[in-house]
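Engineer: So you can see what is in the structure, the chains are spelled out below.
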Amino acid sequence: MITFMLILHGLAAVVLLGGLTHQALATIWPVRKGTGAGGGGAMANSFRGVNARLYTNANIVLYLVTFVLGGLIYPAYRLAVRTWIENARLWSISGMFEVKEQLLAIGLGMLPLYWLLWRTPADQPLDPQFASARAWVTGILCVVVWYSFVAGHIVNNVRGLFGQ
Amino acid sequence: MTTQMRAFTLFSALFAVVYVVCVEMNLALFTYHPRLGQWDIGTVPARTGPAMYWFGWLASAGLAAFLATLLATPLLRRMGPPVWIGWAVPLASMLAFFWFLRSFFLR
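Top to bottom, those sequences are chains X and D.
9 is the number that the working numbering gives to position 9 of the first sequence; each next residue is one higher, with no gaps.
When you read off a place in the second sequence, starting at 1, and then add 1000, the result is the number in the working numbering.
Keep in mind that the hints are not guaranteed to be accurate.
Partial pick of chain X residues on the chain D-facing surface, computed with a CB cut under 10 angstroms [claimed, not checked]:
{"id": "1", "residue": "L79"}
{"id": "2", "residue": "W91"}
{"id": "3", "residue": "M96"}
{"id": "4", "residue": "E101"}
{"id": "5", "residue": "M110"}
{"id": "6", "residue": "L113"}
{"id": "7", "residue": "W115"}
{"id": "8", "residue": "L117"}
{"id": "9", "residue": "V137"}
No wet-lab data here; the hints were simulated from the structure.
Backbone N, C-alpha and C fix where the C-beta goes; we use that ideal spot for every residue, glycine too.
Based on the sequences and whatever the hints tell you, model everything.
Structural biologist: Written out as structure tokens, the structure reads:
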């Protein structure tokens, strides 16, 4: 059951990563109409040329699902994996996970603001301070999820990567 | 700026600050003992096997930030924090954790 939940956790994280990256790039580095797409190749342009607003609810649900699944498998990590990592004296790997859990927790508290900042209808002009806050919040959540994804993968594969 | 925007901005900042305080002072609303599969109210030392406080820290921070935002709501109808507080404080809190946890990377 733990393995099943771990795989689900990873799959949900992959989808969340895609959704947040699309949204963050579309917000921070938007495609400009009629200006040759503002630089970047055709693939990069289509990656960031999405309707970013559409990702908000899905990203929130995916963040919560991934978070809850992570919480459910956390005790198994604490008992078996972390003990192994500490016995192997892989302190930086253990630290990577510690940082991951704290960043994700703070990210959780940002979700209500993230949701509200993306609620403004597309046809209404957005106050510059809200546009800036929207870009920052989305960008921070994107970086947190990327970091957590990489850290989680390293921890998950720690015995293969560092075991003797 | 609407009251809802002010409240969510305040919640985002408060949650981050209170979470840092809860982690650093180990103020968990409850403790989980994974070896025993048991929950305790409050911050309880490890018994058999390790004790997990992360769930309790989340609950402490969430509850405290929610209650503080709720209490501040009448005030938020007239005035409130600028919206950048809602991302700058969490970002600073995240960076603070890299500092607090630096010993893991310096051994």
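Engineer: Is the interface hint for M110/X satisfied, with its Cβ closer than 10 angstroms to some Cβ of chain D?
Structural biologist: Hint on M110/X: holds, closest Cβ of chain D at ~5 angstroms, below 10 angstroms.
Engineer: Under 10 angstroms is the threshold here; is the Cβ of L113/X close enough to any Cβ of chain D for the hint to stand?
Structural biologist: 4 angstroms, holds
Engineer: Just to be careful: measuring from the Cβ of L117/X to every Cβ in chain D, is the smallest value less than 10 angstroms?
Structural biologist: 8 angstroms, holds
Engineer: Minimum Cβ distance from V137/X to chain D below 10 angstroms?
Structural biologist: Hint on V137/X: holds, closest Cβ of chain D at ~5 angstroms, below 10 angstroms.
Engineer: When the nearest CB of chain D is found for W115/X, is that gap smaller than 10 angstroms?
Structural biologist: 8 angstroms, holds
Engineer: Does E101/X hold up as a contact with chain D if the rule is Cβ-Cβ below 10 angstroms?
Structural biologist: 6 angstroms, holds
Engineer: Is the shortest C-beta separation between L79/X and chain D less than 10 angstroms?
Structural biologist: Status holds, d = 5 angstroms.
Engineer: Can M96/X be said to touch chain D, with a Cβ gap under 10 angstroms?
Structural biologist: 8 angstroms, holds
Engineer: Given W91/X as an interface hint, is its Cβ closer than 10 angstroms to any Cβ of chain D?
Structural biologist: At about 5 angstroms, which falls below the 10 angstroms cut-off, the nearest Cβ of chain D leaves the hint on W91/X intact, so it holds.
Consistency with the previously given hints is maintained throughout, with no hint failing.
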